[in-house]
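Asks: Listed below, chain by chain, are the residues.
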Amino acid sequence: GESVGLHLPTLSVQEGDNSIINCAYSNSASDYFIWYKQESGKGPQFIIDIRSNMDKRQGQRVTVLLNKTVKHLSLQIAATQPGDSAVYFCAETISGGYNKLIFGAGTRLAVHP
Amino acid sequence: GAVVSQHPSWVICKSGTSVKIECRSLDFQATTMFWYRQFPKQSLMLMATSNEGSKATYEQGVEKDKFLINHASLTLSTLTVTSAHPEDSSFYICSARDQGRMNTEAFFGQGTRLTVV
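Protein sequence lines, in the order shown, are assigned to chains A and B.
With the working numbering, letter number 84 in the first sequence gets 1185, and the count goes up by one each step, no holes.
With the working numbering, letter number 56 in the second sequence gets 82, and the count goes up by one each step, no holes.
Hints are supplied without guarantee of correctness; some may be wrong.
Claimed, not checked - Heads up, simulated DSS-like pairs for lysine-lysine below, C-alpha to C-alpha not over 25 Å straight-line:
(1) B/K92 - B/K81
(2) B/K81 - B/K46
(3) B/K92 - B/K40
(4) B/K46 - A/K1143
(5) B/K67 - A/K1172
(6) A/K1138 - B/K67
(7) B/K92 - B/K67
(8) A/K1157 - A/K1143
(9) B/K46 - B/K92
(10) A/K1172 - A/K1143
(11) A/K1143 - B/K40
(12) A/K1169 - A/K1157
(13) A/K1138 - A/K1169
(14) A/K1157 - A/K1138
(15) A/K1143 - B/K67
For the record, the hints were derived by calculation from the structure and aren't laboratory data.
Bound-form chain A, shown alone (with noise of 0.2 Å):
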């Protein structure tokens, strides 16, 4: 596979923080990004996308930024609960339905009350 098995790092955030996480992507044709989320044993749930003509964008309590400069993404997520606490992948493809979508190494968010 294309994706790096590394072990997961840890952010660790009291409530209410602000969180940032981050991901490099290792594609510069890649144009579409994505952030998901997963809870343990389930599958990964959508949170944020972004195409490679904005460099931010916003959602209910997230935000996106994109540097394709340096292929960076990040995800800011505001006033953290502990319901956020799970391990956040970004994913990166080229548009079109029938293109891959290759996940980053992924970071565990856990929130302390």
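Model the placement of chain B on the given structure of chain A, informed by the hints.
Replies: Okay, now just chain B, sitting in the frame of chain A:
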């Protein structure tokens, strides 16, 4: 949002037996589905791309004779782990993208926990 259903959610099998995992897109057509494997505390690693009506495309290092993929209809892909061994124990996840809508996220099944004893 679109729903992808994966079955079974968990399975325990003996070494040497084969196990079939199903992935269905419930409310959209998917000419392409993707199969991933995930080890504990690791990321999802793409195994293969399942193409309706044609052969699957396997990622480098994935044995096509070990992991048989069949995509016989626009809503169903199956992954068969043949002659399973304990090292095949893992979390297998399928996904599909709605080809009727360009540039959408991939929807994921709930995953299948395979344990080979």
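Asks: State for each hint whether it applies.
Replies: Structure-based check of all given hints:
Between the alpha carbons of B/K92 and B/K81 the distance comes to roughly 14 Å, so the proposed pair stays at or under 25 Å and holds. Restraint check for B/K81 and B/K46: satisfied, since their Cα atoms lie roughly 17 Å apart, inside the 25 Å limit. Taking the CA atoms of B/K92 and B/K40, the gap is about 16 Å. The hint holds against a cut of 25 Å. Distance hint between B/K46 and A/K1143 is fulfilled; the C-alpha atoms sit about 19 Å from each other, no more than 25 Å.
Simply put, B/K67 and A/K1172 have alpha-carbon atoms about 24 Å apart, close enough for the 25 Å limit, and the pair holds. Taken as a hint, the A/K1138 and B/K67 pair is honoured in the structure, with Cα atoms around 14 Å apart against an allowance of 25 Å. Restraint check for B/K92 and B/K67: the C-alpha separation of about 24 Å stays at or below 25 Å, so the hint holds. For the proposed pair A/K1157 and A/K1143, the alpha carbon gap of about 28 Å is over 25 Å, so the pair is violated.
A threshold of 25 Å between alpha carbons decides the hint, and for B/K46 with B/K92 the separation of about 12 Å falls inside it, so the pair holds. Pair hint A/K1172 plus A/K1143 does not hold up; C-alpha atoms about 28 Å apart against a cutoff of 25 Å. Our distance criterion of 25 Å between C-alpha atoms is met by A/K1143 and B/K40, whose separation comes to about 24 Å. Proximity of A/K1169 to A/K1157 is assessed by CA-CA distance (about 11 Å); at most 25 Å being required, the pair is judged to hold.
Proposed proximity of A/K1138 and A/K1169 is supported: the alpha carbons are some 22 Å apart, at most 25 Å. Between A/K1157 and A/K1138, the direct Cα distance comes to roughly 19 Å. Compliance with the 25 Å bound is thereby established for this hinted pair. Between the alpha carbons of A/K1143 and B/K67 the distance comes to roughly 13 Å, so the proposed pair stays at or under 25 Å and holds.
Hints 8 and 10, counting from the list given before, are not met by this structure.
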